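K.L.:
Work out the full structure, taking the sequences as your base and the hints as a guide.
Just so we're aligned, residue 648 is where the sequence shown starts under the working numbering, counting upward by one.
What the hints contain is simulated information worked out from the structure, not anything from laboratory work.
These numbers were taken from a predicted model, which means no experiment stands behind them.
Some clues are possibly wrong.
Simulated crosslink set (DMTMM-like; lysine to aspartate or glutamate; CA at most 25 Å straight-line) [unchecked claim]:
no.: 1; residue 1: K1306; residue 2: D1235
no.: 2; residue 1: K1174; residue 2: E1096
no.: 3; residue 1: K1097; residue 2: D1235
no.: 4; residue 1: K1509; residue 2: D1526
no.: 5; residue 1: K1265; residue 2: E1247
no.: 6; residue 1: K1097; residue 2: D1288
no.: 7; residue 1: K1515; residue 2: E1481
no.: 8; residue 1: K1424; residue 2: D1451
no.: 9; residue 1: K1097; residue 2: E1170
no.: 10; residue 1: K1174; residue 2: D1148
no.: 11; residue 1: K1465; residue 2: E1488
no.: 12; residue 1: K1489; residue 2: D1526
Label-pair distances were calculated between CB atoms; the ranges are [what the hints assert, rightly or not]:
no.: 13; residue 1: D1321; residue 2: R1018; range: 17 to 25 Å
no.: 14; residue 1: R1302; residue 2: A1003; range: 26 to 34 Å
no.: 15; residue 1: A1003; residue 2: T1060; range: 40 to 48 Å
The beta-carbon is built from N, C-alpha and C at its ideal position, and this holds for glycine as well.
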Amino acid sequence: MRPAALLLLPSLLALLVHGLSLEAPTEGEGQAPGLEEMDGELTAAPTPEQPEPGVHFVTTAPTLKLLNHHPLLEEFLQEGQEKDELRPDPPTASPLPRLANQDSRPVFTSPTPVMVAAPTQPQSREGPWSLESEPPALRITVALPPGPGMAVPTPGPGERPNTPPPSGAWTPTPEGPGDIGRPWAPGVMSQTTGLGMEGTVATSTASGDDEETTSTSTIITTAVTTVQPPGPCSWNFSGPEGSLDSPTASNSPPDVGLDCFYYISVYPGYGVEIKVQNISLREGETVTVEGLGGPDPLPLANQSFLLRGQVIRSPTHQAALRFQSLPPPAGPGTFHFHYQAYLLSCHFPRRPAYGAVTVTSLHPGGSARFRCATGYQLKGARLLTCLNATQPFWDSQEPVCIAACGGVIRNATTGRIVSPGFPGNYSNNLTCHWLLEAPEGQRLHLHFEKVSLAEDDDRLIIRNGDNVEAPPVYDSYEVEYLPIEGLLSSSRHFFVELSTDSSGVAAGMALRYEAFQQGHCYEPFVKYGNFSSSAPSYPVGTTVEFSCDPGYTLEQGSIIIECVDPHDPQWNETEPACRAVCSGETTDSAGVVLSPNWPEPYGRGQDCIWGVHVEEDKRIMLDVRVLRIGTGDVLTFYDGDDLTARVLGQYSGPRGHFKLFTSMADVTIQFQSDPGASVLGYQQGFVIHFFEVPRNDTCPELPEIPNGWKSPSQPELVHGTVVTYQCYPGYQVVGSSVLMCQWDLTWSEDLPSCQRVTSCLDPGDVEHSRRLISSPKFPVGATVQYICDQGFVLTGSALLTCHDRQASSPKWSDRTPKCLLEQLKPCHGLSAPENGARSPEKRLHPAGATVHFSCAPGYVLKGQASIKCVPGHPSHWSDPPPICRAASLDGFYSGRSLDVAKVPAASSTLDAAHLAAAIFLPLVAMALLVGGVYLYFCRLQGNSPLQLPRTRPRPYDRITVESAFDNPTYETGSLSFAGDERI
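P.N.:
Set out below in structure tokens:
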């Protein structure tokens, strides 16, 4: 144990450097100055939905401006703060110790995670540390990393090290955004492993003789259990965003699978959003994602639910991902995740009963403003602000709206006064006084909305004055019925007094007051209804028309009343009343059916029937929004126009929100209340909204669309019906043009629309060409220019322009051109050189053809042996034709003179004679032959051979088709080009 004690000392010092504070918050730091105190109550907890954590409130530093920070947080930034920093600080003493905690629940921004001392990079942060005061009992779990001299057990072959991530026990690294790729090896310990701190520190030294010298000023008790660490397969991420990539097989120890941890920590007030970019796991491998930073780890997802494109959000600023792979050679699988910080928000504040709330934003810095209905007063803070924390929270508890017992209302114009607890029961032993004072020169009128007092000594008195001595104009002891027309004051005051005894209770009273000027009538009032008037100040001659809210019926009064009598203005009729009646018939397409006397309790032993009727080709949807009836009461729905129709549903007792659909155009509703049941309270009954809907065996009727029309496949829109939408010329369908009625009686696609076509269609590419476009969307006026590749010729217009047409869609100025292979003229054939030959022997050679030349034996080719027909307009030979010269220059003359062959000298006289005979004898024979032929023709024609011919016309014969045409220079037939030998 001595070496272990020595090893513990650096870890404890590292904890001190991290700034862990064991000081409990002192009393008197519970409220911030300037916040309202509400009867000694504390402020609201930051996260009322979560269980109470067992840690203390620790605030965060001011919000940093990150790439994805919400603009509402800019006012919280400090001028000296670096904008590109994102470093979660270790827990310190709260810089906001005065925030109120209204319901005694611990408020926290971070659950004070267990800090692991990194041996290579200790953090130096000064923080309060006091051993003089007694801190509260706090158990800190410290995971000791393996270091020199510490034995670490190695699992046997085939064993997987059991290294579960400790609950919240991990270290946020302050090394800059991301820390991507920096491995971190936390010493993971079992749940029972820990370091118990009792406020003392032990120091010990060991000598070579195993002698021990101990300073007993402090004592420490340790219990350390180490297991196989994850090795290099663990990382910390502290930036606002980053990537999580699967480890490689090289990270896996021999014969042991990987057990990797990815810890993510963003700035408090932000959550962690992880998106699955790609995942491919092998069978048996696991990936789990948990949210940290709360009282307990929050499971978010595992490999069974991780799909590509899925997004997982942690509601706290810390998250952990664990990957366990198979031993080699089977694993590991691969995955790629991307995380980023997102702004957390406060929960939506609860709306107070008989009040309303308006919220500007749920993010830190946002506010919620509360107000109460007429007759109620706000108890609590009127304005709440969302504060930034690990989990943002409101700076105070939501207020409530209460009915005060008494008060003075000056400059009273229009409003209500209600008894405490209304519409619920008031309490016993009350004495409440209200003084109503109208503006100068005006009087008051009181409407009795409701008065319900216990049948004993409870009493309501209304006095025509400003004190308890004023004469009463209403006394519940003396008047059995309420005055329907209300009460008028003779001056500008009313004094209202309510007193209750210690026995019975009831709902109390609700009075509505209005101030009016002399010479005018008071403002009328109808509960559960509305009215319209011809003049806003109600002078003499004003008419008012009343109407009731849906579900109510106008009773006991006239629909239209008029202000009469200039000397003493008053209404000629009393205001009517709107009540929810028992039974009724309606043919409206939408409406409401209410329980009798709603929202007041319905009576006992009632039997009410309502009938709802719509058009024959329609059906009815019943939306039962409120159903709070007694267990002995029965509400029945009949699918027809009488009580013999099929029962849609029958209900007793309370039930949640539900809907019913009829198969007929009529529905009958019957309500029967139990005669012997006790009377229910306020808002006990039912509220049923009904709507006319299309037949429930057909899809809903599709509307026409502007600038288009529809074509159904059949008149009835039953299952399988297809509706096709088309647009007028100049418009195009946006969306699906074909909709089908599906099995669930819904349309397969959303309704399309017809949009004006303001661009031409893409004319497309032309083969063997490229194009230049002025705009990629081809709007009106856009141009497309086509340029053919080399060797091809453009046929058609090279430039197309998109033109608008009023009667139809825009169109291109011309058709799309084509690029055809260029047709070039051939080269004329070359003659073979003297004493040589050429190949091939053609009269015409196509562009690109090659002609080869050769010489006879004894001659040498001078020039190019091969020349090519170069394409062009016109085509031409690449080089001049060559010539063949004798191998010896003695037989030729140089220069421009003609080549004359020299006759070699005869070696003897005989050879010369033979040569002369060989030359001259053929010449003589040829001359004789020609002369003989000439003489013969001359005699045949009777002419002298020596007579000159006379001039006379020569007869010409017509040349026939069969005439021979033997001219090798002009031959009929088609010309061929490259590759054709017939030219």
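K.L.:
Next, verify each hint and record whether it holds.
P.N.:
Consistency of the hints with the structure:
Distance restraint check for K1306 and D1235: the Cα-Cα separation of roughly 19 Å lies within the 25 Å cut-off, and the hinted pair is therefore satisfied. The hinted pair formed by K1174 and E1096 meets the criterion: a straight-line CA distance of about 7 Å does not exceed 25 Å. A hinted pair counts as satisfied when its Cα atoms are at most 25 Å apart, and K1097 with D1235 does not qualify at roughly 31 Å. Using a Cα cut-off of 25 Å, the hinted pair K1509 and D1526 holds, with the two alpha carbons roughly 12 Å apart.
Under the criterion of a C-alpha separation no larger than 25 Å, the hint pairing K1265 with E1247 is inconsistent with the structure, at around 34 Å. For the proposed pair K1097 and D1288, the alpha carbon gap of about 37 Å is over 25 Å, so the pair is violated. The suggested pairing of K1515 with E1481 holds, with an alpha-carbon distance near 20 Å, which does not exceed 25 Å. Of the pairs offered as hints, the one joining K1424 and D1451 holds, with about 14 Å between alpha carbons and a cut-off of 25 Å not exceeded.
Taking the CA atoms of K1097 and E1170, the gap is near 18 Å; set against the 25 Å cutoff, the hint holds. Distance hint between K1174 and D1148 is unfulfilled; the C-alpha atoms sit about 30 Å from each other, more than 25 Å. Note on K1465 and E1488: the hinted pairing is violated, with a Cα-Cα distance of about 36 Å set against a maximum of 25 Å. Using a Cα cut-off of 25 Å, the hinted pair K1489 and D1526 holds, with the two alpha carbons roughly 17 Å apart.
The hint said 17 to 25 Å for the Cβ distance between D1321 and R1018, and at roughly 40 Å that hint is violated. Range check, R1302 to A1003: about 27 Å between beta-carbon atoms, so the 26 to 34 Å window is met. A beta carbon spacing of about 21 Å between A1003 and T1060 contradicts the range 40 to 48 Å that was offered as a hint.
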